[in-house]
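From first to last, the protein sequence lines are chains A and B. Residue numbers are given in my numbering: position 70 of the first sequence equals residue 70, and the series is strictly consecutive. Residue numbers are given in my numbering: position 94 of the second sequence equals residue 265, and the series is strictly consecutive.
Note that these hints are calculated values from the structure, not bench results. In this text the structure is predicted, and so the values were computed from the model without any measurement.
Computed list of lysine-lysine pairs in PhoX-like fashion (alpha-carbon distance at most 20 Å, straight line):
{"no.": "1", "chain 1": "A", "residue 1": "3", "chain 2": "B", "residue 2": "212"}
{"no.": "2", "chain 1": "A", "residue 1": "3", "chain 2": "B", "residue 2": "230"}
{"no.": "3", "chain 1": "A", "residue 1": "3", "chain 2": "B", "residue 2": "213"}
{"no.": "4", "chain 1": "B", "residue 1": "221", "chain 2": "A", "residue 2": "3"}
{"no.": "5", "chain 1": "B", "residue 1": "311", "chain 2": "B", "residue 2": "356"}
Computed Cβ-Cβ distance ranges for the label pairs, DEER-style:
{"no.": "6", "chain 1": "A", "residue 1": "78", "chain 2": "B", "residue 2": "213", "range": "17 to 23 Å"}
{"no.": "7", "chain 1": "B", "residue 1": "333", "chain 2": "A", "residue 2": "113", "range": "19 to 25 Å"}
{"no.": "8", "chain 1": "A", "residue 1": "145", "chain 2": "B", "residue 2": "305", "range": "32 to 38 Å"}
{"no.": "9", "chain 1": "B", "residue 1": "338", "chain 2": "A", "residue 2": "80", "range": "55 to 61 Å"}
{"no.": "10", "chain 1": "A", "residue 1": "47", "chain 2": "B", "residue 2": "288", "range": "32 to 38 Å"}
{"no.": "11", "chain 1": "B", "residue 1": "266", "chain 2": "A", "residue 2": "123", "range": "39 to 45 Å"}
{"no.": "12", "chain 1": "A", "residue 1": "70", "chain 2": "B", "residue 2": "356", "range": "32 to 38 Å"}
Note that CB positions come from ideal geometry on N, CA and C, so glycine has one too.
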Amino acid sequence: MAKIDFEQLRFVIVDDNAHMRRILRTMLRAFGSREIYEAEEGASGLEAVENFQPDILITDLKMPIFDGLELTRMIRNPDGFSQAYLPIIMLSAYSEKHQVIAARDAGANDFICKPVSAATLYDRIEDIIEHPRPYIRTSSYFGPERRRQENVSSGKERRVLDSEQFVQLPD
Amino acid sequence: MDQNAKQNKIPKKRLPGKELPGKELQWPQFEVIPVKNNLRKKALIAGNPKDALSRATQKADRAMEQLSHQFPLWMQKESKRLFAIRQEIDTSGPSEALLDRLFTCAHDIKGQATTYGYPVAARVGQLLADLIEHAPNPCKIPLTVIDQHVDTIRVVVAQDLRGAGNAQTKNIIAGLLVLDHTTLKRLDPRRSAA
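Please put together the full structure from these sequences, using the hints given.
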């Protein structure tokens, strides 16, 4: 059995509301994290990610000028950004399905609706660490696999891939 | 091929192709990339995860309780910010920029007021944010309708009305719902009845 040692984790919090940042910082400190950096909008959030190399980014969705979706898309650029695989938790007062889908399609690992509770925040961080998902790259998407459910089919595997269709990736 | 080589290989999967008129069959490709973060190695240590969750959340809840003495002040600041923007609309007239700021403030109240102990204010903030977001032209929303929302939030905060509210606040929220629906219908006659 294993538990999370938050002292080893570094966070960046991006939210235009100072009170919200204070609440998140309070929760993360209570969990045990000692390295928490903050930014109040997307552009300085991107800078903070580059400078502080966090383990997890927690960002608000709606922010002026440069919002959480744009921040996530900019990070999810494996050819142009050094931390394209950074786990990202999107936080928002939005709870509508299309907003959650937008966050998912931008490349966020998870989505938490405000008001946020300590238990929910801990649970999502634990999930990111304990159950990392592979990343998918297509012509229009780069980010964590968007399917959360395992294939529950019990039928025979009928897909047949021959050896020519396997590609050796460099180490 | 040996076992290690096979484990390192990523199948280039073929999805069902699309047949386009006059063109070759198009096969969308995707790449599955194994996890690159090493957080498990870095941050997982021996221990009981359920105990750890329980201890961490209890500690966080205690910390939030200590912080909560600031919540009424924070809620007053949000309420004042909302009112200040409303007054700016009176001074300068409604504009896209001002309505956007009003939306942002209402949206923040929606997201945070419950944490501060004012779920009624959160609900009214949500109604105001939804009204502005769904209006085809937010500048055309009657200011008297906006005032109903802003003033309700101000009263809730001024009278420190915490908790889920009573029958009166429930009636006020029901009234605001009907008002918002009627307003949106008037602004956009194509909008179907709920």
